[in-house]
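Based on these hints, arrange chain B on the given structure of chain A.
Those sequence lines, one after another, are chains A and B. My numbering applies: residue 1 is where the first sequence begins, and numbers increase by one. My numbering applies: residue 113 is where the second sequence begins, and numbers increase by one.
Here are some, though not all, of the chain B residues that point toward chain A, as calculated from beta-carbon distances under 8 Å:
#1 Y145
#2 Q153
#3 P155
#4 F157
#5 Y160
#6 G171
#7 L203
#8 S215
#9 T217
#10 Q218
#11 G221
#12 G223
The hints are simulated quantities; they were obtained by calculation from the structure and are not laboratory data. Owing to the predicted nature of the structure, the values given are computational and were not obtained by experimental measurement. Beta carbons: idealized from backbone N, C-alpha and C, even for Gly.
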Amino acid sequence: DAKTTQPNSMESNEEEPVHLPCNHSTISGTDYIHWYRQLPSQGPEYVIHGLTSNVNNRMASLAIAEDRKSSTLILHRATLRDAAVYYCILRAYNTNAGKSTFGDGTTLTVKP
Amino acid sequence: GAGVSQTPSNKVTEKGKYVELRCDPISGHTALYWYRQSLGQGPEFLIYFQGTGAADDSGLPNDRFFAVRPEGSVSTLKIQRTERGDSAVYLCASSSGLAGGPSETQYFGPGTRLLVL
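This is chain A alone, in the form it adopts within the complex:
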């Protein structure tokens, strides 16, 4: 499985934008990029996913580099409720696509 690399932790101030980076230099052409987040004592929660084009939804935006070797999750205005561990995951279009390989993610701290 292609591997992702994320910083261990990041800090943000409330109501400011947050850019969470992810490197995936070994991504293949059919791998989808997914982001999940996990709030304390809860299961992971879907945030957003994309293949090649940038994506927007009500929670966040996903910016994908032109060569697809990196991506950035953008929270436009961080709130205290956004404090969580954020996981960047690649899902491949093959027989193993049913599983998601999580790394250790980025722990986001939001300061009031």
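Just chain B now, with coordinates in the frame of chain A:
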């Protein structure tokens, strides 16, 4: 609507005992996944089902771990002869379409916290 539910929420057992962890997926979801999460780490894949059959069980750590989904809905993860190293949060997820679809969203339950003394 109802999300993925898992029971029990917490389980304390003694080394060597047998435990069963239950997962109720979102109604109509055909794919079901089990993950294990140790403290401070990301979830680790164990097994996933498409319908009643295990499509990929490559993450099960050894033959003490077994999972079933006899009617294609509820799933049970079974751990025999538990060891202290099995202590973790066991997460279940489900998805609506064909398991293996790389754009599919997985919906996770809150997990079962297993502590083996």
